[in-house]
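Asks: Position chain B against the provided structure of chain A, taking the given hints into account.
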Amino acid sequence: EAQVTQNPRYLITVTGKKLTVTCSQNMNHEYMSWYRQDPGLGLRQIYYSMNVEVTDKGDVPEGYKVSRKEKRNFPLILESPSPNQTSLYFCASSLDPVTAYGYTFGSGTRLTVV
Amino acid sequence: DAKTTQPTSMDCAEGRAANLPCNHSTISGNEYVYWYRQIHSQGPQYIIHGLKNNETNEMASLIITEDRKSSTLILPHATLRDTAVYYCIVKVVGGSYQLTFGKGTKLSVIP
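In the order they appear, the protein sequences are chains A and B.
So the first sequence is numbered by my numbering: it starts at 1 and just counts up by one.
So the second sequence is numbered by my numbering: it starts at 115 and just counts up by one.
So that you can see chain B by itself, here it is in the shape it has in the complex:
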């Protein structure tokens, strides 16, 4: 599975859009991009995933660049409850059965 690079931390004002970047420059064609988040000391929670098209669900939007070397998770109207560590994971379908988490980005939503 390709390696990912995320900023260690970010701040976002409440009500504004939070844009969390992820770099995965070595991604291969059959690897998906997944996002999870972990609110303080709770279990990680699945947010969204995509292959090459942009995706949107009730929680967030995922924008993947055309060359697929990076992606951005967008929380359109961040609330205090969105304060969490956000993990970007790149994984090939049919690869190992292990889900590996990196260090993630600590997002702080500020009132």
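Pulled out of the complex, with its shape left as it was, chain A reads as follows:
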């Protein structure tokens, strides 16, 4: 089954403790992206990647890092999480990002930073 897999689904952590949220896709998509979703603010893009070793900032990149060493994986790294990064996070991939067709999203990671 074609899918984007995120782990973990739920995570509670403390301020300042580095964490990584993993994202993997099995569709051989070149494009991958991370979003966060907050009440009243909707979905906002954090980072995206056009291909291996190619990443770029989205609308809200502060406090996040990403890497793209393999086509299938696109981990999101929070080096020093803060409570304002408490959010619902989604990873997405697409075969053709120049359109808005056929994006596949993961099931989400609900992160709480205390």
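Worth double-checking, as some hints may not be accurate.
Said to hold, decoys possible - 25 Å max Cα-Cα, derived DSS-like pairs, lysine-lysine:
1) B:Lys117 with B:Lys183
2) A:Lys69 with A:Lys18
3) A:Lys18 with A:Lys71
4) B:Lys217 with A:Lys57
5) B:Lys117 with A:Lys57
6) B:Lys217 with B:Lys166
These are calculated hints, taken from the structure and not from any lab test.
Predicted, not measured: the structure shown is a model, and the values here were computed from it.
Replies: Only chain B this time, still in chain A's reference frame:
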């Protein structure tokens, strides 16, 4: 990419057609209309897209007005599982690589 305007919320009786409007009065000729939906706290799901002709697939129909300034997503027989936030997105082919979501319409299907 052109801006879109959608109602904040709508109700629909189960089994009836749900008609979700979207206004995109500043759309340009090379911009497509896309619809996604997000069922509670799940990742958004692609539904349908079109340029100027009406489109239909197994999930929904998309009706675009002749002047392309507005469109309507139609779920022909809404079920409780169609309760979700529906996003209308207008995007030019070959533009930015960012997919931007607005606030969408919260559709509640009522038994």
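Asks: Hint check: Lys18 (chain A) vs Lys71 (chain A), CA-CA at most 25 Å. Holds or violated?
Replies: holds, 24 Å
Asks: Tell me if the straight-line CA distance from Lys117 (chain B) to Lys57 (chain A) falls inside 25 Å.
Replies: holds, 22 Å
Asks: Hinted pair, alpha-carbon criterion (25 Å max): Lys69 (chain A), Lys18 (chain A). Please report holds or violated.
Replies: Status holds; Cα separation ~20 Å.
Asks: Just to be careful, I want the Cα atoms of Lys117 (chain B) and Lys183 (chain B) compared with a cutoff of 25 Å; is the pair within it?
Replies: holds, 11 Å
Asks: Does Lys57 (chain A) lie within 25 Å of Lys217 (chain B) when you go C-alpha to C-alpha?
Replies: OK: Lys217 (chain B) and Lys57 (chain A) at ~22 Å, within 25 Å.
Asks: Quickly compare the C-alpha distance for Lys217 (chain B) and Lys166 (chain B) to 25 Å and report which way the hint goes.
Replies: holds, 24 Å
This entry satisfies every hint, going by the numbered hints stated previously.
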